[in-house]
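Using the sequences plus the hints, can you model the full thing?
Going by our numbering, the sequence shown opens with residue 1, and the numbers climb by one from there.
Hints were generated in silico from the structure; no laboratory data involved.
Just to be clear, a hint being listed does not mean it is correct.
As the list claims (entries may be wrong) - Each pair of labels, with its calculated beta carbon distance range:
1) ALA62 <-> TYR9: 18 to 24 Å
2) PHE82 <-> GLU43: 30 to 36 Å
3) LEU51 <-> GLY20: 24 to 30 Å
4) ALA44 <-> GLU23: 16 to 22 Å
5) GLU53 <-> GLU11: 18 to 24 Å
6) GLU23 <-> ALA54: 32 to 38 Å
7) GLY7 <-> ILE35: 19 to 25 Å
8) ILE35 <-> TYR9: 41 to 47 Å
9) LEU63 <-> LYS29: 15 to 21 Å
10) THR15 <-> ALA37: 27 to 33 Å
11) TYR9 <-> LEU63: 17 to 23 Å
12) VAL55 <-> THR26: 36 to 42 Å
The C-beta atom is built at its ideal place from N, Cα and C for all residues, glycine as well.
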Amino acid sequence: GCYPGLGNYTECCFTTTGTGQFEPGTASKPHIGSIGALEEVQEARVETICLGEAVARKAVEALKSANPYEEVAYEVYRMEDF
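Structure, rendered in structure tokens:
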């Protein structure tokens, strides 16, 4: 779709799966894995369009509250329509 909308479609996203890797540090409280041990887990990357900063902030808040990880990885990009 193009910014600012996707026309007649809603709830649109793109999901890819892959292997994430991390090693919990000594001060961490890992949900998965053990301190000092390299861990690999299957993870999903979800991409979606949020219209406006307020909606994007709410989406990030929802991601953080739903994710069991101590630190959640996410990226936010501003999109322009040309």
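Hint check results:
Checking the proposed 18 to 24 Å range against ALA62 and TYR9 shows it holds: the Cβ atoms sit about 20 Å from each other. The hinted window of 30 to 36 Å between PHE82 and GLU43 holds, with their beta carbons roughly 32 Å apart. A hinted range of 24 to 30 Å holds for the C-beta pair LEU51 and GLY20, which are about 29 Å apart. A C-beta distance of roughly 21 Å is found between ALA44 and GLU23, which places it inside the suggested range of 16 to 22 Å.
For GLU53 and GLU11, the Cβ-Cβ distance of about 20 Å falls inside the hinted range of 18 to 24 Å, so the restraint holds. Distance hint for GLU23 and ALA54: a CB-CB separation of about 36 Å, consistent with the stated range 32 to 38 Å. Between GLY7 and ILE35, the C-beta spacing of about 49 Å breaks the proposed range 19 to 25 Å. The hinted window of 41 to 47 Å between ILE35 and TYR9 holds, with their beta carbons roughly 44 Å apart.
LEU63 and LYS29 have their C-beta atoms about 19 Å apart, which keeps the hinted 15 to 21 Å range intact. The beta-carbon spacing between THR15 and ALA37, approximately 28 Å, falls within the hinted interval of 27 to 33 Å. Taking the beta carbon of each, TYR9 and LEU63 are about 22 Å apart, inside 17 to 23 Å as hinted. Range check, VAL55 to THR26: Cβ separation about 38 Å, and the 36 to 42 Å hint holds.
Violated hint: 7 only; the structure is consistent with all others.
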